[in-house]
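Colleague: In order, the protein sequence lines correspond to chains X and C. First residue of the first sequence: 1, per the UniProt record's numbering; consecutive thereafter. First residue of the second sequence: 1, per the UniProt record's numbering; consecutive thereafter.
It is possible that part of the hints are untrue.
Now the stretches of chain X that chain C is said to cover, found in silico as 3 or more residues with beta-carbon under 8 Å [said to hold, decoys possible]:
| hint | segment |
| --- | --- |
| 1 | 9-19 |
| 2 | 79-89 |
| 3 | 144-154 |
| 4 | 168-181 |
Counterexamples of contact, computed for chain C against chain X with all Cβ distances above 12 Å [claimed, not checked]:
| hint | residue |
| --- | --- |
| 5 | Leu39 |
| 6 | Tyr182 |
| 7 | Lys198 |
Simulated from the structure, these hints should not be mistaken for laboratory data. Using N, Cα and C, we set each Cβ at its ideal position, and we do this for glycine too.
The primary structure of each chain is shown beneath.
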Amino acid sequence: MNTPNSQHDQEAALIRRICHADENALEQLYHDYYPRLFRFIGRTTWREDLIEEVINDVMYTVWEKAATYNHQCKLSTWIFGIAYNKVRQALRNDGHFNEDSLDDMEVDNAWFGTEDAGLMQLETHEWLDSILKVLSPDQRIVIELTYFEGLHYNEIALLMDCPENTVKTRMHHARKILAVHLTDYKNASGLIN
Amino acid sequence: MKPIDDNPAATHDAVFMLLPWYVNKTLQSTELTTVERHLNACPDCKREFVNLQQLSVAVNQSSAFTASSPASFSRLKERLQTTAKQPQTPSVAPIIRPAKWRNPVKFGHSSLARSTLALAAAGMLLAVVLSRVADVNQIGNDYQTLSDTKTVTNSSNDIRIIFKENTSQHAIEQILNSMQGYIINGPNEQSLYTIGFKKSIDTQHAFDNLSLLRSNPQVVFAEPGHGLLEKTQLKGVTP
Numbered sequence: 001m002n003t004p005n006s007q008h009d010q011e012a013a014l015i016r017r018i019c020h021a022d023e024n025a026l027e028q029l030y031h032d033y034y035p036r037l038f039r040f041i042g043r044t045t046w047r048e049d050l051i052e053e054v055i056n057d058v059m060y061t062v063w064e065k066a067a068t069y070n071h072q073c074k075l076s077t078w079i080f081g082i083a084y085n086k087v088r089q090a091l092r093n094d095g096h097f098n099e100d101s102l103d104d105m106e107v108d109n110a111w112f113g114t115e116d117a118g119l120m121q122l123e124t125h126e127w128l129d130s131i132l133k134v135l136s137p138d139q140r141i142v143i144e145l146t147y148f149e150g151l152h153y154n155e156i157a158l159l160m161d162c163p164e165n166t167v168k169t170r171m172h173h174a175r176k177i178l179a180v181h182l183t184d185y186k187n188a189s190g191l192i193n
Numbered sequence: 001m002k003p004i005d006d007n008p009a010a011t012h013d014a015v016f017m018l019l020p021w022y023v024n025k026t027l028q029s030t031e032l033t034t035v036e037r038h039l040n041a042c043p044d045c046k047r048e049f050v051n052l053q054q055l056s057v058a059v060n061q062s063s064a065f066t067a068s069s070p071a072s073f074s075r076l077k078e079r080l081q082t083t084a085k086q087p088q089t090p091s092v093a094p095i096i097r098p099a100k101w102r103n104p105v106k107f108g109h110s111s112l113a114r115s116t117l118a119l120a121a122a123g124m125l126l127a128v129v130l131s132r133v134a135d136v137n138q139i140g141n142d143y144q145t146l147s148d149t150k151t152v153t154n155s156s157n158d159i160r161i162i163f164k165e166n167t168s169q170h171a172i173e174q175i176l177n178s179m180q181g182y183i184i185n186g187p188n189e190q191s192l193y194t195i196g197f198k199k200s201i202d203t204q205h206a207f208d209n210l211s212l213l214r215s216n217p218q219v220v221f222a223e224p225g226h227g228l229l230e231k232t233q234l235k236g237v238t239p
């Protein structure tokens, strides 16, 4: 198993090779990050048809901009930052990303829909997948980066290019929405008497 | 990191906001201590902490959008081949000081330990001074020291630098561009360049750039110029 330092060194070596136009290094980085990017983009956009295209866009940007990576943050933070921008771009192109609602809890329920009717039969993580669709893309991103990628809020702020308080606020709103739906779910499942 | 307010209500709100990052174990120092202390006394936050732990487990258990097919590099490779990439100079990694350096090292108080330390420090200081003198002699008369009486005509944030022999002009430009630097003079007969930085680069930033240059494998020599050293004396900036 790689220690954080050896992983950091290996990734730094890959970036140096990519700077020198080494396609094998890009291929290795692509395979290393594919599962994480697949999940991140999938769970952010909830659009399977976009995933491959966005991953390729992200890794193409890594190829083109490798020399600009300045080692001030983890390589994964830099790559997920690129992925975040590509996701925004892809959703904006599809008309599903409303810039006005980035910092508040406005949710386009007409697009995301709600699936309360089926909640009773769902396991907890399935319930969660269902409810995550109700959150805005930015709220889902903060949830995913916090709980799955294990990032500190200041890393998420760096990645999303926003103030740290914005990250905390997005998480706070997401938590409130999840709490309301969790109560509904428990009531519907008979978990609360 | 901002200190958390002493007001109990403000502390509760701040801790409540921080709980997700307490759950993912990324909080450090002051915030971590504050959250732990508050959790021991606040049933609401404790309950929310349990909820968030469950949420974290659920997020990690979810199999939605788990990559089921192997990664296909072929489409990206086709795209790469439509545009030929020119080799680029990687950005220089910043100097990362080991965390243990941040805490003062505690030594014993014996007179032997203190005198050994004093001797070691004196030896290191002598070595640094001698190496500087040797460097200056190698470079020749074009390198000014604080004791020189020549008139300074360069930028105030100037740095004297020698690159490795095989470093291309393009590579030099890329290194300098990455730190908003530019060539003022050079190279002279000793391959010495004098470089300056854009106005937005202050003295401390210039010294940060100096550290980056010293750690760059393409750089064999980098020292502050007369103007930068003079500003150091005036402002007390640490090189």
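Colleague: The structure should be examined with respect to each hint, and the outcome stated for every one.
Modeller: Evaluated hints:
1. 9-19: holds (count 4)
2. 79-89: violated (count 0)
3. 144-154: Three-residue rule met by the segment 144-154 of chain X, so holds; n is 8.
4. 168-181: holds (count 6)
5. Leu39: holds, 16 Å
6. Tyr182: At roughly 19 Å from the nearest Cβ of chain X, C/Tyr182 sits farther out than 12 Å, so the non-interface label holds.
7. Lys198: holds, 17 Å
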